[in-house]
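Enquirer: Chain order of the listed sequences is L and U.
Taking numbering that gives the first Met the number 0, the leading residue of the first sequence gets 0, the next gets one more, and so forth.
Taking numbering that gives the first Met the number 0, the leading residue of the second sequence gets 0, the next gets one more, and so forth.
Keep in mind the hints are simulated off the structure, nothing from the lab.
Glycine included, C-beta positions come from ideal geometry on N, C-alpha and C.
Check the hints yourself; a few may be wrong.
Interface residues of chain U toward chain L, partial, derived using beta-carbon atoms under 10 Å [as the list claims (entries may be wrong)]: (1) Tyr-82; (2) Ala-96; (3) Leu-219.
DMTMM-like mimics (lysine to aspartate or glutamate), calculated; alpha carbons at most 25 Å apart, straight line [claimed, not checked]: (4) Lys-202/U - Glu-166/U; (5) Lys-57/L - Asp-343/U; (6) Lys-349/U - Glu-141/L; (7) Lys-57/L - Asp-207/U; (8) Lys-181/U - Glu-141/L; (9) Lys-181/U - Asp-139/L.
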Amino acid sequence: MRVRRITLEGSLLATSMLVVLVLILYPLLMLLRRSLSVAANSDAWTFQWYVQAYTDPKLTVTIVDTFLVLAGSMGIAFALGVSMAFLVGRTDVPFFSKAKIIPVLPFLTPPFIMAIGWMLLAAPRSGLLNGWIRALTSSDAEQGPFNIFTMPGLIWVMALYLTPYIYLLTLSGLKNLDPTFEEASRLAGANVWKTLRKVTLPLVTPALLSGLLLAFIMGLGQFGIPAALGVPSNIQVVSTSIWQNIANWPARTELAAALATSLLGLALLGLYAQRRIQGQRSYATVTGKGFRPGITRLGRWGWSASAFCWLYVFATVVLPYYALLQTSFSTFWTPKLTPSLFTLDNYRYVLFQYPSTPISIRNSLLLSIGGATLGILLAAICSWIVHRTETKGRHLLDYILMLPIGIPATVLAVGLLAAWIQPPLVLYGSLWILLVAYITIYLPFGVRSTSSSLQQVSKELEEASRVAGGSWLRTFRRITLPLIRPGLITGWFLLFVMFMRELSASILLYVPQTTVISVALFDLLLEANYPRLAALGTVIVLISIGSVAILHWLTRGAYTAHDTVQ
Amino acid sequence: MDKTNQNRRRLLGLFSKGLATGISAAVLGNLTREAAAAETIDERFVAAAKKEGKVMFYTTVPIDGNVGVVEAFKKKYGIEAEYYRQAAVRMQERVEAEIKSNQLLADVLAIDIPLSEDLAKKGVFVPVEAPGRKEIAARWKTPELTAIRLYVSSILWNTNLIKPGDEPKGWEDLANPKYKGKLAVGDFAGSLTTIQWMYMVKKLYGVDYLKRFGQNRPRLFQSPSAIAPLVSAGEVPMSVSLEYLLPQQRAKGAPVDGFIGRPAFYGGIHVGVMARAPRPNAARLFHSFVVSREGQEALCGPLKSIATNPKAEIPGAYKLSDVKEWFELDYTEMYAQVEQLRNDFNTYIKGSL
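If we strip away everything but chain U, and leave its shape as in the complex, we get (with noise of 0.2 Å):
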């Protein structure tokens, strides 16, 4: 019986060992595949994206970070590649127009969070791997979406106008009775980002916030890159921002300064290729160029934005581990309580001028 036993038990034991082995090889014959799948992506496409002849990007990028990443990849694999830049909406409407007629001549679609969420869960995009998304945390991607670019939620000021000394040091500052008359933010039906604070600023501070932001009087512009130029021309000495805004300004001269905030929300554009791209393979070759280091630093480095791939290096711009603290937004609630937050707006910010 003990034999019986023992030589059971040697066979379970080489059973496991071979059980535990064949998985083991198998995942890790899938993981080498997959990464032989992912290293070889650009081959294994530029012959093909070759022949499709060019490749159309759709992108609510600024116009200089899309002109720098066109001509990076035009440079680097000899493929014609064109930009369609358009407003956020308006692209996500275009989009959804020429899905609905088969007339889609988009192969890669570059749009602000949470739109981008929008149109995945319609099936517009389909999921895909790249070298470059490979280094990208978590975070940032999901199967089907990467995100390239991200802005956050600042506070900028001109200093011929705000002293050493007087400047806020966060978000509560500026509702601080001092600052009456001297504050600008994006008009809520315009601005994305002012919907975005408004959330933010009424989780962290409530309705008196608010009101008392209210009272100061803010002036207001069409979004915070409108209103960035008037800060440095001294038309307005404060305001809401992105932190992007602040080096850009500065490359050009102008007298500002600003941080941060703390916490700080973020906003971004994600990359996606559309699931039926007209020029798949082209489609496929120019995404993995976007998500790569070289690609993020083409696309953020004119902007002077901070790109999510940690190997990217953008000259003047911020990182981020500059940001301290994280504010995450809930798009799904920001989305149910927009309404809730128009009347805020109206009310205690607009209804204050």
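Here chain L stands alone, though its shape is the one from the complex (with noise of 0.2 Å):
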């Protein structure tokens, strides 16, 4: 019997290692060798690009710009998100704290399209926030006050694309915490801040570095922004610096492959820097005790915290997407629509006649929902792998499993085109290759999510089952799962909504019969045809925010079951 088990667990574990290092390693094994390549069909090696990508003098002034849009954009998500996380985690706030699904809506949006809108609402001539503004305030300026073609733009659009990250994995530290530690601080006459300062947020911070962690990686590997708003600016991030090397003539595709691994010393640093800063310190809440999550009473405050949860909405969903659904109605692009412009032509285009539609929703789905499945259970079992065993290279596998985040997808894309376009293995030319690309590239946040769930739960009560005489694998269902069950539903959505609107690697892997949605409408986007573009993205958010909403009704049943256990 005891060996069964420990031949069961064993297998199990090697397996999933092993499919772990195959989806990583190879592809950016293709990709190191493309770096080293003199060109895409030659065996010739060098060190040239290299070479001229670290004595680029442009480089360094890219690498500041960069830094310097994460440091501001990431500064504003992390207070937008924590704030939101713990007033619709652990009070009363009106409406909201019974609508946890809201601050996320803008996750459901592409992030260019996300750009695109505030680049209707605030380019500095004919944005509508800007028009209305001038119109209300009587102003004879031509232009202003706002301008979203400038570095404060580049960075509002990025804190807002990045927010519902760090919300949505502090909502989940939140969630795991035993109200017992607050109750006592309170006992001890700590008032509602204090309590936050001194007990709530230490508590979850390993919530909390997963999700700045999590934001610096997307924020680094982002290209859709910046390439809308970055270009007008004069502003160059190393995302997009690499996909001109890709994209445009005459391609240097072995530099963007010598500068993209260069990327991959920052994402190990930082999860080198996280690991430090947690250090060997328990931040188990999750015991052999049950719990309810405490909730705050704000009192005279809870209007206002509503107000301010309501200005996030406006902010990223209401305003952004009125100047797409207004676009979305005209003949072309203007902040004045007369009813000599206005036609529902985009929407007869976009939904009868534009070939790519039909395909790519159903495409999407079906990568989205069987994707994040798959991939939630692996990442589940490699984060039970590294925080639950003694196997050895846990550690490494931790580092190996943060390896994509670093790279850029487009980047990472050319080495999976080259990876399983040829033998032993071919994918290329079918949906396998998008979901494999996938699970690659946003497995790390799988492992993220379910790890943090995982650190905050004691191992007393997988151990107490073990004792008692229970398998490993009727432990790890029985017991495991549903204790990082928030985790798990997290990342499984998170999953989700990223396989929904993944772009940069799609756009280069698919073909016409694997076309996604974030492909047909980026197409529309080269082409620069706004109306088309609006009238598409509208179509698609409305058919996101209706998936999400049915997952969310569905697992809102499940997790109320998790709540009353005792």
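Starting from two chains that each stand alone, build the complex the way the hints lay out.
Expert: Okay, here's the thing in structure tokens:
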């Protein structure tokens, strides 16, 4: 009996590690090979691309600009995300405490769509918001007051893009927090704010750090927003620099690969920093005792808190979606939609004439649901290996799992294409290559989510099960998975949404039969056909909201059952 | 002796006439066969193409053009046609990767000049003939490639922001200080058109022009097609553009005007049949359709673009005859100078921002 348990456990662990290593290391190896090749079809080796990359004086400016954008946007996103998570997850803030999904709505929008929405709002001459403000203030100015094509404009939109990541992971951490610690603080005389600073936030440090790390990496690899807004602002970040070397004539893919492999180092630094800060402290707050999450009563501050949340929703959802909606009914982009310019042709086109619409929706839903499910299961197993076993090499596995998000998906896709277009396993031309690509690229996010939850669960619960005679698999299924359900659900949701809006790898790996939503949208963006882009974007957002609403309804039922477990 | 010489001369004459007749017959015979082959290419291949089931068209042409030509082809021949659209450089990367790994899916490829010529040198295409090709002028084709769509450099402006009398008259006017803060151009790193434009104006007017143009602090965006809607919206008063963007924006009711530059350089799309096409007969049939009057009308019509087939009628679009003076781009020289042009752009234009 004992031998069979070890064999099953060992086999599953070994298989999972092997799958992860092949998924991640094989394409990275192909990418590294490309960065050392003289040219695409050459077998000759060279270091010239690294020399060229690191001796280019513009690279310093690019790196400085990248960090300025990241620092500014992460700061704003952290403030917004943590505030929202605390208000929504731990207080009785009116409306939002019952509608936890609302702050995540911006997450459903492909990043470049959000950038376009804000361009339509805050372009200095023709932006809608600028026009309204000039009209309201009877200003004679021809431009402003806002200019989205500036560093603050870029930071603002990036912050809106990053906030949901921090919000989700912080919320997940707060859900697993035993209120006993906060109650003890309040009983000792500390008020809400002191308890928040001295007890709550330190206890959810794993979630906060995971959120910050995630935001850092996503911001580093984000391409759509700086591409839409950075060029007019004369701001070049690393991801757009890499993209331009791949996408423009003359192509310098090898140089892009050399630049991209350097980003790996940054990602590993971030992970190392997270580990050092967390140190050996225990953040286990889910123990053998059951609990209900505590709710702080805001009293007269409740409506102010609710207004703050509504302001966030207005800025991230209502305003940009309105701009897109107005543009979708116009023959061309104009701040003044007159009756003569009003048309339904854009919707007619995207719904009935654009060949990519039906096939892309079908493919994206298939990939997102199936991929998120497979991905989160693999993530849970990997997290368990890293945090619960004494397996040799588990720390190395943790670093390997982080590698893909250190490289912009655009460039990793070059490695993915090279890996899966040739024997021994040819996936090119099928949905499988997209599935493999999505899981390869985004598995780290699932792992962060499940790891964050796992670290808050004390080992004693699983040990109790094993002592009582439960097998490893039974313990994993009946004890571990239910306890980390918030992390599983959050991780699944993260993966689902990321897969739905994934563009950077899809644009290189798709064929007509495997077109996905983001590619269908991006094709319209390449042609700067903003009205049609806005129409299709609106349709896609409605489908995404509908899918997420259904999922939220389904999973909330499961989570409610967890709440009542004593 | 005289009689011998006369006989010799007679024989020589007969021989010469015979030889000339024979050569003429051979040449004419070849021409006739070629003509016969070209005129019957559709009949030869339709049945075989139908057996192959479909054709896969890889293209960098904008969506509406692809939808137009694919639908027209399906309607004419009843053969399924799919298109896969990608940006030019990514398309080249994709095609080369597919060929290298023996996973080629494309039958016909339409891709921007000069990437088409890069691929042709690598043997990616096969020489083909088609009735429609014969109608197209020699300068727009090579043995393997045929230009099916051209775009030429132009200037575009918003008529609400650039009043009558204030419009530029040519490229040199764009360096006039009165247009400071009113111009836009594609970013060098992202726009082949900008590279071509820089190459042309530097050759015509020298580095001093670039300095003066840069002093007008032009705004940068990804490409002329990205700038055109901004001109229509009034966000940008004027831009270096491509000719088809003017009729496209006008057709939507936008307040814009413009003209083809003089001289004007051209870019365009070449189409060719893949040497290792999975469906060679369908490929040739589709190719013959695309280069024909009907095919080019279907492709260029929605885009309001210049067609190369002189019989094609594209309502609202410019014609080849509207280009008064051509500037020929030497791609070999341009490629050799691209890093210097990049430095010039970064120094004089981007550096001024």
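Enquirer: With reference to the structure, classify each hint as holding or not holding.
Expert: Checked hints:
1. Satisfaction of the interface hint for Tyr-82/U is found here, the shortest Cβ-Cβ separation to chain L being roughly 7 Å, below the 10 Å cut-off.
2. Restraint check, Ala-96/U versus chain L: the minimum CB separation of about 6 Å is within 10 Å; hint holds.
3. Annotation: interface hint on Leu-219/U holds; nearest CB of chain L at approximately 6 Å, less than 10 Å.
4. Only pairs whose Cα atoms come within 25 Å are accepted, and Lys-202/U paired with Glu-166/U is accepted, the gap being roughly 24 Å.
5. Restraint check: the Cα-Cα separation between Lys-57/L and Asp-343/U comes to about 14 Å, which is no more than 25 Å; the hinted pair holds.
6. With a CA separation close to 24 Å, the supplied pair Lys-349/U and Glu-141/L stays within the 25 Å bound.
7. In summary, the hint linking Lys-57/L to Asp-207/U is supported, as the alpha carbons are separated by about 24 Å, within the 25 Å threshold.
8. Between Lys-181/U and Glu-141/L the CA atoms are separated by roughly 12 Å; this keeps the pair inside 25 Å, and the hint holds.
9. For the hint linking Lys-181/U to Asp-139/L, the alpha-carbon distance of about 18 Å falls within 25 Å, and the restraint holds.
Against the hints set out earlier in the document, no violation occurs for any number.
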